[in-house]
Amino acid sequence: MAYNKSLDFLNMIKNGESALGNNAFHKTESLTKTESLTKTESLTKTESPIKAKAHARQVNCKSATTSIQTNLFAVIDTETNWHDEVMSLGVAIADKTTFRCLETRYYIFEQEARVGGMYSSVLYRCANTTAPANRNGATLGTAQTTTSATSPITAARATAMADLSDYLSSHGITSIYAYNAKFDCGHLPELQDYNWYDIMRIAAYKQFNKSIPDTAPCCKTGRLKSNYGVEPITRMLAGNDRYYEVHNAVADAIDELRIIELLGLPLDSYNIALING
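Last residue of the sequence shown: number 1638 in the working numbering, and the count goes up by one each step with no gaps.
Derived from the structure by calculation, the hints contain no laboratory data. In this text, all values refer to a predicted model and were calculated from it rather than measured experimentally. Wrong hints could be hidden among the right ones.
[To be verified] Pairs of lysine-lysine residues, derived as BS3-like cross-links and limited to a Cα-Cα distance of at most 25 Å, are as follows:
1) K1581 to K1571
2) K1581 to K1543
3) K1586 to K1457
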């Protein structure tokens, strides 16, 4: 049989293409690994400062929250409808040292407000309209500086309470004060995780409220036997017989904060007035 050089040539071409193909593959694979490594190293270097900044932001956020938590508290008041359901809720945010009212929040619960109640007529009367001065013409205190109207947030109760919880959390607030706090706390189970303090347990006692006259009939514990609601206590503290309670939740929350201010006691004094803890 004659030797066919054409076959050798074809085999050479075939083998050469195969070798080229293999070399190309290995070269591509090597390049891919190199590029991948370089890309990974570059990505790691890029992510490192970003993660460091994110960590720094988290630390700063925690520090800020801790700082806020020690400086602010909330005073809450509610108004109920004919079915004894909360139809409106007012909040006054204050500084723990100065008792200055910094912000207010006012919610009207849609369904419950439709039922109506004793104080439905002032449901949308959001400004604090109480008498601004005592007999001597002096202002009642720094809490009085927050007198501008507060626009109500009208929503379903579940929506409003979720918003309030987020609002309090954003301010780092863990303590709530109210006059006759057992009533408000009992009507707001959504806020049971907060520490509730009863302003009345301080304001109604002679040993804490120095404006209670010696002639006022008191129990052996020092508590007034009668007339220790928001209205008579505020009149007593402010020396202002013209004061009246608006019975609008946000206005009344501001007035209850004013009682804390006029009593002039540090908030530590209210530890004995904790009702849930």
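We went through each hint and held it up to the structure:
1. K1581 to K1571: holds, 16 Å
2. K1581 to K1543: holds, 22 Å
3. K1586 to K1457: violated, 30 Å
Consistency note: the structure conflicts with earlier hint 3 alone.
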